[in-house]
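Residue numbers (this note's numbering), protein chains in the order written: chain A, 9 to 270; chain B, 2 to 349.
Calculated from the structure, these hints are not laboratory results. In this text, a Cβ means the ideal position worked out from N, Cα and C, and glycines have one as well. Any given hint might turn out to be false.
Stated by the list, open to error - Partner residues are not named here, just some residues of chain B that face chain A (Cβ under 10 Å, in silico):
id, residue
1, ARG208
2, ARG212
3, SER221
4, GLY223
5, ASN227
6, ALA229
7, ASN230
8, ALA242
9, GLY290
10, TYR292
11, ARG343
To be verified - Lysine to any residue pairs mimicking SDA-like chemistry, simulated, CA-CA at most 20 Å apart:
id, chain 1, residue 1, chain 2, residue 2
12, A, LYS63, B, ASN230
13, B, LYS214, B, VAL204
14, B, LYS29, A, LYS63
15, B, LYS214, A, GLU190
Read off the chains here:
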Amino acid sequence: MSALLEIENISKYFGNVIALKDVSAHVRAGEVTCILGDNGAGKSTLIKVLCGLHKADQGHYRFDGKLVEFESPRNALDVGIATVYQDLAMIPLMSIWRNFFMGSEITSGRWPFSRFDVARAKAIVVDELARMGIDIRDPDQPVGTLSGGERQSVAIARAIYLGARVLILDEPTAALGVKQAEVVLRYIVEAKKRGLGVIFITHSPHHAFPVGDHFVILRRGRVHGDFRKDEIEVERLVYLMAGGIDLDNLKSAIAEAEESVP
Amino acid sequence: MTTTAADQLTSDTDERIGTTALLPKLLKRPEFGSIVGAIAIFIFFSAATENFFSIQAISAYANPAATLGIMAVAVALLMIGGEFDLSAGAMIGFIGMMTALLINNGGLAVWLSMLITLALAVCIGAFNGLVVTRTRLPSFIVTLGTFFIVQGLGLGLARAVGGTTTIFLSERFEGQGFFKAIFASTQWEGVRIPVFYWIAIAVVATRLLLRTKVGNWIFSVGGDPNAANAVGVPVVRVKIALFINVSAMAWLVAMFNTFRFESAQIGTGVGSEFEFIIAAVIGGCLLTGGYGSAIGAAIGALMFEMVRQGLAFARWEADWFKLFLGILLLLAALLNQLVRSRAEKART
C-alpha cells in the first residue's frame with residue numbers, strides 16, 4: 009500500500025535559523041506515525057508545514073501520490089488533512105456544537121435564507137461523540153466546562169466526522185493526566201481503526217509506543233531515525249529521545265582522545 | 002416552550018437533559034440581564050411617574066432608542082467579533098455633513114449623493130478593518146485615529162466648502178417627500194420610522210448571529226482568531242465585514258438625521274460611540290469578544306433611553322442620568338463577567 013501523505017526532504021528556514029532540514033516521513037491509511045522529538049526539535053514547525061500554515065522552503069509534499077502546495081489550513085482541510093492543536097483546538101466560550109462545526113458549518117436552505125442547521129448540528133454532535141465513546145450531557149455546554157482530555161477528544165471526533173483522511177495531532181496528551189491521556193490514546197486507535205492515517209506528534213515515547221506503527225525521531229530539525237514498530241523497543245525510543253546518540257558520540261570521542269594519547 | 006427535533010433526539014439518547022427547566026436556560030443567555038433590567042426599569046418608572054406607559058412616553062424613548070439601538074446592534078456584532086469602533090459616532094456627523102454638502106453645495110441629486118456617501122462609509126469601515134487586521138494594532142487605537150480623521154476632515158470640508166458647520170438643505174430638494182417618507186416619517190402617535198428599522202435590524206442581526214454560518218464565524222473570530230483561522234474560518238474577511246457593517250449603519254443613522262432635520266451638523270454623534278459600547282455591554286457583550294447578543298444590545302439601547310426619559314418624566318434633574326448610567330454599566334459588566342467565568346471554568 010502506498011503512503012497517503014508523504015513528505016520528502018522538507019527543509020524550512022527562518023532567516024539563518026534552520027528549523028527543518030531534509031525531513032522525510034509518511035503515513036498510510038489505517039496507520040499511526042509518531043513523530044517524536046524534544047523541545048526545539050522542530051515538531052511545531054513540521055506541523056505548521058503539514059497543516060498549511062507554513063510553506064516548506066525545499067522538498068516535496070505529496071498527498072494521495074500527488075504533489076500539493078497549501079496556501080492556508082483551509083486548503084489542507086479541503087483535501088482531508090485535519091490538524092488538532094494542543095492549545096487552540098477549541099474556543100472555551102462557545103458551545104460544543106458551535107465548536108464542532110466551526111469553519112465547516114452545515115446549512116440548509118438557499119442563500120439569502122440559508123441557515124446553520126442547528127437542530128441537526130446538535131443531534132450530530134451528540135451522536136458522533138457517542139460513537140467515539142464520549143458521553144456529553146448537553147451540546148449547548150460551553151467547551152470551557154469540559155476537561156482537557158474531553159476537549160481533545162471532541163476535536164478528534166470533529167476531524168473524523170468532517171471527513172479527514174489524515175489526522176495530525178499536536179501533543180494531544182502533553183497537558184493531560186494519566187487517565188485523560190489514556191482516553192485520548194484510545195481515540196487515536198479508534199481513528200486508526202476507521203481507516204485514517206494519524207500523525208501523532210509527541211515528546212512522550214511512553215504515549216507513542218502503544219499506539220504507533222512508525223516512529224520518526226526528530227532532533228535539532230533533522231530526522232535521527234525512522235523505525236517500524238517491530239524494529240524498536242520502547243527503551244530504545246526513550247534512549248534516542250533523551251539524546252542517547254549524543255552521549256554515545258561524546259563517549260567515543262573521549263575514548264578516541266584517550267587512545268591517541270601516547 | 003417549543004421542543005425542537007434536536008431536543009427530542011437528545012432526550013431519546015440521553016435521559017439526563019430531558020427536563021431542563023426554562024429558567025436556568027434563560028439565565029445562560031447573554032441578553033438575560035438586559036431583559037430583566039429593561040422590565041425592572043419600565044416598572045420602576047411606571048410606578049414613579051404618571052404616564053410612562055402612554056404612547057407619547059413610549060415614543061419619547063423609543064425614537065432615540067432606535068438610532069442608538071441600530072448602532073448598538075452593529076457595534077455588538079463587531080465586539081463579539083473581538084473589535085471596537087470608536088469612530089462610529091463621529092462618522093454619523095461626518096457622513097451626514099458630506100451628504101448635505103453634496104446635495105446643497107455640489108448640486109448633485111439626492112439619491113446620487115446618498116450612494117456616494119454610502120460608498121464613502123463602506124470605505125471608512127474597510128479602512129478600519131484593513132488596518133486592524135493587517136497591522137494587528139488594537140482596534141481601540143486605530144479607530145480612535147479614524148475618529149479624529151473623520152471629525153477633522155468633516156469640520157475642515159464643511160468650513161472650506163460650505164463656510165459653516167451646519168448645512169441646511171434648500172427648501173425643496175428633489176424627492177423630498179420620498180426620502181422624508183423612508184427615513185424620517187412619523188408612523189404612529191409620534192413613533193418615527195427608525196423604530197421599525199431598529200426592530201427589523203435587531204431581528205435580522207440576531208438571526209444572523211445565532212442561526213447562520215457567518216454568525217458562528219463572528220463568535221469564533223472574537224473567541225480566538227488563531228483557532229478560528231486554523232479550522233478554516235476567513236478571519237480577516239469577517240472582521241472587515243463587521244467594521245463595514247458599523248459604518249454602513251452610521252450612514253443609515255446619518256440619513257435619518259439629515260432628512261429629519263433637513264440639515265447636517267458636524268458635531269452630531271460625537272461622544273455617542275461610548276453609548277453604543279455601553280448599550281452593547283448592557284446587552285451582554287464582553288469587552289474581550291467572543292460572547293454577546295445582538296437583541297441584547299437593542300434592548301440595552303432601550304434601557305438606556307428609558308432611564309434618560311424616565312428621569313425627565315419623574316421631573317428629576319437630568320444631572321442624575323450619568324450616575325444611573327454608570328451604575329447600570331458596572332452592574333451589567335459584573336453580570337457578564339460572572340456568566341463568562343461560569344462558562345470558562347474547566348471541570349476537571
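Going through the hints against the structure:
1. ARG208: The hint holds - ARG208 (chain B) has a Cβ within 10 Å of chain A, the shortest such distance being about 8 Å.
2. ARG212: holds (5 Å)
3. SER221: holds (5 Å)
4. GLY223: Holds - the Cβ of GLY223 (chain B) comes within 10 Å of chain A, reaching about 9 Å at its closest.
5. ASN227: holds (5 Å)
6. ALA229: For ALA229 (chain B), the interface hint holds, since the closest Cβ of chain A sits about 7 Å away, which is under 10 Å.
7. ASN230: holds (7 Å)
8. ALA242: It is violated, given that the least Cβ distance between ALA242 (chain B) and chain A is near 15 Å, above 10 Å.
9. GLY290: Since the shortest Cβ distance to chain A is 9 Å, the answer is holds.
10. TYR292: Because about 5 Å separates TYR292 (chain B) from the closest Cβ in chain A, which is inside the 10 Å limit, the hint holds.
11. ARG343: holds (8 Å)
12. A:LYS63 <-> B:ASN230: holds (16 Å)
13. B:LYS214 <-> B:VAL204: With Cα atoms ~16 Å apart, LYS214 (chain B) and VAL204 (chain B) stay inside 20 Å; holds.
14. B:LYS29 <-> A:LYS63: violated (43 Å)
15. B:LYS214 <-> A:GLU190: violated (34 Å)
The structure shown violates the earlier hints numbered 8, 14, 15.
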